[in-house]
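S.K.: Sequence:
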Amino acid sequence: MKFNIPVIAQILGLLLLINAVFMLLCLPVSIYNWEADILPLTGAAAITGLSGFALRFATRKNKNKELKRKDGYLVVSLGWIFMSLFGCLPYLLSGAIPNLTDAFFETMSGYTTTGASILNDIEAVPKGILLWRSLTQWIGGMGIIVLAVAILPFLGIGGMQLFVAEAPGITPDKLQPRIQETAKRLWLLYVGLTVAEALALWAAGMTLYDAVNHSLTTMATGGFSTKNASIMHYSSPLIQYIIIVFMFLAGTSFTLTYFGLKRNFQKVIKNEEFVVYTLFTVAITIIVTLTLLIVKDYGFERSFRDSLFQVVSIITTTGFVSADYTSWASFLSVVFFILLFVGGSAGSTAGGVKVIRHIVLFKNSFLELKRQLHPSAVMPVRISGKAIEQNIVFNVLAFIMIYILVFIVGVIMLSSMNVDFSTAFGAVATSLGNVGPGIGEVGPVDNFAGMPAAGKWLLAILMLLGRLELFTVLMLLSPHFWRKR
Numbered sequence: 001m002k003f004n005i006p007v008i009a010q011i012l013g014l015l016l017l018i019n020a021v022f023m024l025l026c027l028p029v030s031i032y033n034w035e036a037d038i039l040p041l042t043g044a045a046a047i048t049g050l051s052g053f054a055l056r057f058a059t060r061k062n063k064n065k066e067l068k069r070k071d072g073y074l075v076v077s078l079g080w081i082f083m084s085l086f087g088c089l090p091y092l093l094s095g096a097i098p099n100l101t102d103a104f105f106e107t108m109s110g111y112t113t114t115g116a117s118i119l120n121d122i123e124a125v126p127k128g129i130l131l132w133r134s135l136t137q138w139i140g141g142m143g144i145i146v147l148a149v150a151i152l153p154f155l156g157i158g159g160m161q162l163f164v165a166e167a168p169g170i171t172p173d174k175l176q177p178r179i180q181e182t183a184k185r186l187w188l189l190y191v192g193l194t195v196a197e198a199l200a201l202w203a204a205g206m207t208l209y210d211a212v213n214h215s216l217t218t219m220a221t222g223g224f225s226t227k228n229a230s231i232m233h234y235s236s237p238l239i240q241y242i243i244i245v246f247m248f249l250a251g252t253s254f255t256l257t258y259f260g261l262k263r264n265f266q267k268v269i270k271n272e273e274f275v276v277y278t279l280f281t282v283a284i285t286i287i288v289t290l291t292l293l294i295v296k297d298y299g300f301e302r303s304f305r306d307s308l309f310q311v312v313s314i315i316t317t318t319g320f321v322s323a324d325y326t327s328w329a330s331f332l333s334v335v336f337f338i339l340l341f342v343g344g345s346a347g348s349t350a351g352g353v354k355v356i357r358h359i360v361l362f363k364n365s366f367l368e369l370k371r372q373l374h375p376s377a378v379m380p381v382r383i384s385g386k387a388i389e390q391n392i393v394f395n396v397l398a399f400i401m402i403y404i405l406v407f408i409v410g411v412i413m414l415s416s417m418n419v420d421f422s423t424a425f426g427a428v429a430t431s432l433g434n435v436g437p438g439i440g441e442v443g444p445v446d447n448f449a450g451m452p453a454a455g456k457w458l459l460a461i462l463m464l465l466g467r468l469e470l471f472t473v474l475m476l477l478s479p480h481f482w483r484k485r
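Quick note on UniProt numbering: the sequence shown kicks off at 1 and runs consecutively.
Because the hints were derived from the structure by calculation, they are not lab data.
Bear in mind that the values here come from a model prediction, so they are computed numbers and not experimental data.
Incorrect hints may have been included.
Claimed, not checked - Derived DSBU-like pairs: lysine-lysine, alpha-carbon spacing no greater than 30 Å straight-line:
id, residue 1, residue 2
1, K267, K386
2, K70, K184
3, K227, K127
4, K65, K127
5, K184, K386
6, K296, K227
7, K267, K184
8, K70, K2
9, K63, K227
10, K270, K363
11, K184, K65
12, K184, K296
13, K386, K363
Please construct the entire structure, taking both the sequences and the accompanying hints into account.
M.R.: Right, here's the structure in full:
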């Protein structure tokens with residue numbers, strides 16, 4: 001198949017222009033605080049914007065606006081890489097992160113909403129750069145591609161292929177018949193919830209700057225904080241409960257949240273994924289709370305709050321930390337390691353395997369036992385009372401098998417770089433799941449600064465694989481993808 005290179009270049013140029021605009025949004029903060037990041041941010045925005053303009057100018061005469069499925073997959077993967085490469089510039093030009101490996105790792109961690117960091121002293125970084133760091137997660141949260149889908153119609157380019165490539169899992173319900181309207185409404189909801197959380201955190205005692213940053217990274221399920229101790233810096237239970245609520249919402253399908261705000265509660269309570277997501281969160285929280293009451297002398301409220309915060313943070317792949325769960329009990333360390341593989345709901349900003357895939361896997365496994373006893377019976381997998389197509393089941397099984405295989409290969413490769421086994425397990429699991437904290441030397445009170453350079457590039461690739469749900473990136477490695485036909 002021949003790729004439409006000019007239209008791909010146009011879209012990449014558009015993404016870089018959007019990136020430049022967000023860089024410029026950080027300038028008022030830098031100017032207000034009169035820090036040394038004013039010129040670096042301006043220079044980074046200029047380089048990024050001019051590069052985007054050059055791509056669009058060079059392809060301005062292209063008449064073929066058709067974007068096919070293969071073009072969509074290619075532009076999504078390239079888009080994330082281009083955004084990350086140019087997103088490094090504020091770090092590099094300001095000297096906040098002086099080398100490319102660390103800057104790319106931090107930027108990819110931002111756009112993929114992983115939240116893994118190499119910064120040892122976050123509070124020493126200029127405030128404009130920290131806002132840019134938070135914005136990379138907010139941009140990546142809903143997907144810069146979905147934002148582009150919302151405005152591509154004005155350019156005469158269809159967006160369905162991009163939306164499919166950005167969300168290649170089980171197809172979510174559309175809010176509107178047209179994909180562009182869906183993208184617009186999702187973004188309006190995303191912005192609205194971000195503003196609501198920022199106001200709530202500000203009212204609860206955070207500074208306006210910290211409230212904005214934490215709301216940006218909460219709704220993106222990213223977990224970047226402006227404080228070295230993350231949410232442990234704040235002793236206010238109210239702040240922690242506010243963040244818990246919005247982390248849970250961010251891990252819920254945005255289409256479902258939209259229906260809930262429209263008071264279509266039947267749609268919400270009949271959604272099997274949401275029910276399982278909620279009950280599983282409650283069940284694990286109870287287990288962790290009871291364990292803390294036995295092994296720690298925290299009292300009920302703190303035990304419950306610490307448990308709920310950490311459980312919601314890991315399941316939704318946000319990665320905020322209000323306590324060091326690796327210091328609680330060995331049993332709980334195992335529990336939280338398992339939670340790295342859960343993920344939030346499909347159609348949310350959360351990473352990971354996703355709850356819906358686990359439901360399909362378990363239902364199909366139990367049905368397979370019945371099929372052995374009744375080989376002639378037709379027993380489809382049903383989700384929310386509706387039978388799903390067999391090809392979706394095969395897709396889920398393939399995804400989980402590939403996910404496990406990538407995880408194993410990643411652990412082997414990282415271990416070969418003299419990284420200890422538990423740290424390799426934790427680093428690969430948290431990077432592939434886009435969570436942030438792991439176990440071992442990359443636990444909740446540690447970071448990734450000590451990783452070897454090659455290890456950081458490997459983990460950055462795993463972040464991209466996880467964010468784009470494996471298939472979008474891996475299919476680019478297939479010879480079949482590049483055949484012309």
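S.K.: Going through the earlier hints one by one, which of them does the structure break, listed in rising order?
M.R.: 4, 9, 12
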